[in-house]
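Residue numbers (the working numbering), protein chains in the order written: chain D, 259 to 828; chain Z, 29 to 400; chain P, 2 to 313.
Worth double-checking, as some hints may not be accurate.
[Stated by the list, open to error] Using 30 angstroms as the maximum straight-line C-alpha spacing, the simulated DSSO-like pairs for lysine-lysine come out as follows:
1. K589(D) with K184(Z)
2. K472(D) with K697(D)
3. K595(D) with K461(D)
4. K227(Z) with K588(D)
5. K184(Z) with K595(D)
6. K159(P) with K184(Z)
7. K461(D) with K824(D)
8. K629(D) with K227(Z)
9. K595(D) with K286(Z)
10. K559(D) with K589(D)
11. K356(D) with K286(Z)
12. K286(Z) with K654(D)
13. K588(D) with K559(D)
14. K595(D) with K640(D)
15. K697(D) with K654(D)
16. K288(Z) with K654(D)
17. K286(Z) with K629(D)
18. K360(D) with K293(D)
19. K288(Z) with K589(D)
20. K288(Z) with K629(D)
21. K654(D) with K472(D)
22. K588(D) with K184(Z)
23. K654(D) with K227(Z)
24. K595(D) with K227(Z)
25. K227(Z) with K589(D)
26. K559(D) with K293(D)
27. K396(D) with K356(D)
[Stated by the list, open to error] Quick partial rundown of chain P residues pointing at chain D, CB under 7 angstroms, derived from the structure:
28. G126
29. R213
30. T214
31. R309
Note that these hints are calculated values from the structure, not bench results. No residue lacks a Cβ here, since even glycine has one placed at the ideal position from N, Cα and C.
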Amino acid sequence: MTAMMMPDSVDNLLQVRDLRVLFMIEKGRAFEAVKGVSFNVPRNRTVALVGESGSGKSVSALAVMGLLPQENAIVDSTSSIVFDRHELLAMSIAERRKLCGKDVSMVFQEPMSSLNPVFTVGFQIGEVLRLHMGMNAKQARTRVVELLNEVGIADAESRINAYPHQMSGGQQQRVMIAMAIACEPQLLIADEPTTALDVTIQKQIVELIAALQKRRQMSVLFITHDLGLVSEIADQVIVMRDGEIQEQGEAGQIFSAPANAYTKALLHCRPSLDARPWRLPVIDDYLNGIIQTELELPERKRGYSENDEPLLVVRNLSKSFFSREGLFGKKEFQAVKDVSFTLPRGKTLGVVGESGSGKTTVGMTLLRLHKATGGQAFFGGKDILAMSSREFAAYKCRIQIIFQNPYASLNPRFTVGQILLEPMRIHGIEANDRERSEKAFQLLQRVGLKAEAFHRYPHEFSGGQRQRIAIARCLTLQPEILVCDESVSALDVSVQAQVLNLLQDLQDEFGISYIFISHDLSVVKYMADQVMVMHHGEVVETANSDDLYRHPAHPYTRSLLSAIPKRRNG
Amino acid sequence: MTAEPIPVSPGLWALAWRRLCSDRVAMASLFVLLLFLLTLVLSSTGMVAGDWNEEVGISYAPPSFIGASGSGNADTAAAADPQPPENPLDPLKDVLRELRAEMAGKAAPAAGQASSDYGIRDPLEKELAEIRSNLPESGLQPARTRRDTLPFGADKWGHDIIKKTIKGAETSIIVGLVAALLATFLGTLFGALSGYFGKGVDDVFNWFYSVFTSVPYLLLILAVAAVLQKKGVLTIVLILGLTGWTGVFRLVRAEYMKHKSREYVMAADAIGASHWSRMFSHIFPNISHVALVQMSILAVGFIKSEVILSFLGFGVPVGVVSWGSMLNEAQNELILGKWWQLAAATVAMAVLITAFSLFSDALRDALDPKLK
Amino acid sequence: MLAYVVRRLWQMVPTMLGVILLVFLLFNWVGGDPAYILAGKISNPEQIANIRRQLGVDEPYYMQLWIFIKQIVTFDFGNSWSTGEPVSQILGTRLGPSLTLLIPLTILETLIAVALALMVARARGSLTDRMVMIACTVGMSISILVYIIVFQYGFAYKMGLFPVQGWGDGFAENLFRYSALPIIVLLAVSIAPNLRLFRTFVLDEIGHDYVRTARAKGLGESRILWVHVLRNAAIPIITYVMSNLPALLIGAFLVERFFSIPGIGREVILAVERSDFPVIKAITVYVAVATMLFNLLADLLYQAVDPRVQLQ
């Protein structure tokens, strides 16, 4: 696990040496977010800073910009950040502020909240020009229009007077980029600029940044958790974990022959589009040296077959949301239009789409958490959408759901034991609480948690562990169908693989059918037998997963697939 | 299987308590509040300040740390007043001079006897002497000697200011706490039903809310006070409680609406929990801290409102003392230069409310679950 | 926009009816027979019956309610029970002094509190910040009564800087001479709670991402606070000030009473003391109407200030 140091070179625009950042939480306790990190950003190069949540990558970038919260962040005095031969940490706040926006600028993750909602886009971009370049209003306006055109905003002349909320996420991010490059900075720091955006837009933004970098000959520090995303644009790669650098070097080297176990894990834990191993490799496999190279496992075949017994048959499912308009009118928003599919026993149906495609609504409607506006869902022969609530209560044992946000799906005031016992008590499973607790202990172990978790509160567990608790909660009822609503999307890559393996094990053992909803195409290809692609509430294409990914029929499916960053194979 | 030692896992309340304990300001204000509560218990059971109504001091007795005003016995207060200077234009000035010389020559009358100025004898003197000699047998107490100074002075009738302040604290705290409890209970109940069920139920409660909030709070209180002719602590508590629920209602309703669409509630729905179970077992423990903080904020507001009401005469009845009634008296006393009742009531009130406010703020910070 | 206003006015009707019902129930039902109150202690049944007929309380309840509604719509509440003055005249003449006091007060109070809030937010977390907050807490714990008594005694009686009480005839005289001390007292009382609230609004805004972006652009703290944050914090501030105005009208009653300013607030207290029901009813109903109109105004203003809001 040696961290390779880049050679000191006069050509380095940014030199960070031994950066140490501490956060004071409560009196007397400090948390070390960055533990002595050293790296360089050369001129006219793109450097990717990769790490999962908690790795310290964003904190390092904020330290360079001088944007760490003054109340509780401390940068160690032995650290050094040299930008263009000036020692930043020796400068006063006012002097550092002068550099911000002019020589170094930053683009953030959430464009909607990063823009001031009450000022127009033109005003906000113009502000930078007027402050650093001394332009007057008219000059600024002309320049702003040029910038908006450069970042790819159509109809710049009129969009200049738009407010942030009137633009889409992708357009907002372009505006942020325009603001950042307005004063021709030498270094652009992009902190997870595409994480909050849809897959198709992600690709466009990444390409935009790469194009701007080449055209203006500036350096880019691209921060992300997705190693694959930067494979096409990075010149150098730095991998961080828990506040330390695990590995850094030229991109070609890192991607083809990573030296560090963690880097290897990051590269291979994500399911790829080409192979479907029986089980996904997890970080521990790499860290414990079990795997030296690619995992050698048999392929898992997937797909619906002729003699599959259908468990759930959905026909013409629709769901509309109504809002008030005008004096007496009602506006209808059709979230789901005419969706039909079949789910056989023991198989997985994948539902893919971007945000707003209606995929989550489909899952919620099947569980009757939303009331369907139309359609039927035959489960074991009976239409569960038409039943009374009382009749459906008995079906709640048979179809369950795991939500996306592991931090919100468990009641923070209940112990894990209470969370697991509640469904059993409601449905009268097992005879008394002692037997129920026994079952709860067994389930906890089955999902990979210690039995003592029974007495703990959710806030003591990590995201991946909480998702396991949610899975255990569903298992208490022994469901036949499990709806996984973006269940791994909020998890880190390394943890994702573990949870996916767990879900697959459970399917192998208990024969549970899954409806696997996700925006992540690679994950869906790995998990699903059949894939249903949704766009604006409608089903665009349904096919067995291998067929879909190899020969996509619909143009939308093709654009989705082409947006997946190709893994650079060295 | 269960032989493993059960690790003590701190729930969110325990964590909040720990956070509160580490906040020195919070602990200090809590200590002050507990002192007040202790005083309240002692006072309401009569162990302390039960005899506040006794006229133990002379009228407007100054506080001990200032010293007696040198006026002596109340009966001879007038006689001990410095003589007004002689007015040369007064046609009776010679007569007055003679009379003064005569009075100064006389010995000060014995305590308890009516002053016999001007040489006129009291026609009832014999009967009064008889009654006085019979007093010890009849069991009545003779008029006690009134003290010149009291620890913090006396009011117009000679009541001990400190005892009045303690009694006033009792009134204010009881009114504040009980009314806050009532208002919080109503607001939480209505807010929960309204926020959780939405639609029709929400419309009905919102209508109530908009009706009650259209009329400014103080106006509503005054209107109700005007209508309810009988006064008393219970009346004030009812008035404040039945009109003050609106703030809590709005907050609790917003919280319920927010939590209702959270995933853990949807998960509870998915596993089959009933509406009531979701409302009270699941959501309520997650918002109870909001209600708690609101209750303590309301208590502060109600204490202040009660003082104003009592000041205006719409609050406590005549026999009961409140800081408001003390301030009412103080208003006129100030011109006479007697500031101690004003000071006592103000300081006591300020200490209680400051402690309460600081504690509310600290409570809110400690209970903030956003960190988790 | 017009559709929105019309819909809001339409929605006000049930609330208005509710207020009317509440006032009616309170005064005509709970309030007891007014005839006995008016007739005094010594009266014979004939006199009482007479009074009741005059007041119309011998009619059944629904008739009384109908009369009440008519009164509201025609602005004619009859005469005051204590002074005999027509209620509408009372309200008309008392409104002026109240406004002379309240409008300058609101303007000054808001401007001062906002400026202080921004300055305190600039120094957040420091000792100054905490000291100011504690001073505010202590300031708020002293009853308004004490402020009035002490200020009146100190500045007016002892130092003679202002008149102790009273009201004049000329507008300028009223504004500068007689309103000065009352306004100062109310400012002193309201600074602390307003400062605390506005500070919270400002600090909430400072925690938002766009402030971090502004810093990343290289803007100075002053500009960030006074331009970016203020513009956003203005939204809750305006909402608060607008919705607080009607309450202010009544809340100034103590000041009006002490300083003998013939305003609406003082009128309310007098009416309550004398159980003068027509006056109280009229004031309650009209203040309720004013509150609802101010809320509507606040929402319209909100839309003008916040571009994200779309009125449906």
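Against the structure, the hints:
1. Distance restraint check for K589(D) and K184(Z): the Cα-Cα separation of roughly 72 angstroms exceeds the 30 angstroms cut-off, and the hinted pair is therefore not satisfied.
2. The straight-line distance between the Cα atoms of K472(D) and K697(D) is roughly 60 angstroms, outside the 30 angstroms bound, and the hint therefore fails.
3. Taking the CA atoms of K595(D) and K461(D), the gap is about 28 angstroms. The hint holds against a cut of 30 angstroms.
4. Our distance criterion of 30 angstroms between C-alpha atoms is met by K227(Z) and K588(D), whose separation comes to about 16 angstroms.
5. The hinted pair formed by K184(Z) and K595(D) fails the criterion: a straight-line CA distance of about 83 angstroms is larger than 30 angstroms.
6. Under the criterion of a C-alpha separation no larger than 30 angstroms, the hint pairing K159(P) with K184(Z) is consistent with the structure, at around 22 angstroms.
7. A threshold of 30 angstroms between alpha carbons decides the hint, and for K461(D) with K824(D) the separation of about 11 angstroms falls inside it, so the pair holds.
8. Note on K629(D) and K227(Z): the hinted pairing holds, with a Cα-Cα distance of about 15 angstroms set against a maximum of 30 angstroms.
9. Distance check on the hinted pair: K595(D) and K286(Z) sit about 28 angstroms apart at the alpha-carbon level, within 30 angstroms; holds.
10. About 46 angstroms separates the Cα atoms of K559(D) and K589(D), which puts this hinted pair outside 30 angstroms; it is violated.
11. Taken as a hint, the K356(D) and K286(Z) pair is broken in the structure, with Cα atoms around 42 angstroms apart against an allowance of 30 angstroms.
12. At most 30 angstroms may separate the alpha-carbon atoms for a hinted pair to count; K286(Z) and K654(D) meet this at roughly 24 angstroms.
13. Distance restraint check for K588(D) and K559(D): the Cα-Cα separation of roughly 48 angstroms exceeds the 30 angstroms cut-off, and the hinted pair is therefore not satisfied.
14. Annotation: proposed proximity of K595(D) to K640(D) holds, straight-line Cα distance about 22 angstroms (limit 30 angstroms).
15. With a C-alpha separation of about 19 angstroms, the suggested pair K697(D) and K654(D) falls inside the 30 angstroms cut-off, and the hint holds.
16. The suggested pairing of K288(Z) with K654(D) holds, with an alpha-carbon distance near 19 angstroms, which does not exceed 30 angstroms.
17. Distance restraint check for K286(Z) and K629(D): the Cα-Cα separation of roughly 19 angstroms lies within the 30 angstroms cut-off, and the hinted pair is therefore satisfied.
18. With a C-alpha separation of about 29 angstroms, the suggested pair K360(D) and K293(D) falls inside the 30 angstroms cut-off, and the hint holds.
19. The straight-line distance between the Cα atoms of K288(Z) and K589(D) is roughly 24 angstroms, inside the 30 angstroms bound, and the hint therefore holds.
20. Distance check on the hinted pair: K288(Z) and K629(D) sit about 15 angstroms apart at the alpha-carbon level, within 30 angstroms; holds.
21. Restraint check for K654(D) and K472(D): not satisfied, since their Cα atoms lie roughly 56 angstroms apart, outside the 30 angstroms limit.
22. Note on K588(D) and K184(Z): the hinted pairing is violated, with a Cα-Cα distance of about 70 angstroms set against a maximum of 30 angstroms.
23. Between K654(D) and K227(Z) the CA atoms are separated by roughly 26 angstroms; this keeps the pair inside 30 angstroms, and the hint holds.
24. Proposed proximity of K595(D) and K227(Z) is supported: the alpha carbons are some 26 angstroms apart, at most 30 angstroms.
25. Distance hint between K227(Z) and K589(D) is fulfilled; the C-alpha atoms sit about 18 angstroms from each other, no more than 30 angstroms.
26. With a CA separation close to 45 angstroms, the supplied pair K559(D) and K293(D) exceeds the 30 angstroms bound.
27. Simply put, K396(D) and K356(D) have alpha-carbon atoms about 23 angstroms apart, close enough for the 30 angstroms limit, and the pair holds.
28. Hint status for G126(P) relative to chain D: holds, with the closest Cβ pair at about 5 angstroms, below 7 angstroms.
29. Hint on R213(P) holds. Least Cβ distance to chain D is approximately 6 angstroms, under the 7 angstroms limit.
30. For T214(P), the interface hint holds, the least distance from its beta-carbon to any beta-carbon of chain D being 5 angstroms, beneath 7 angstroms.
31. Among the interface hints, the one on R309(P) holds; its C-beta lies about 5 angstroms from the nearest C-beta in chain D, closer than the 7 angstroms criterion.
Checked against the numbered hints given earlier, this structure breaks hints 1, 2, 5, 10, 11, 13, 21, 22, 26; the rest are met.
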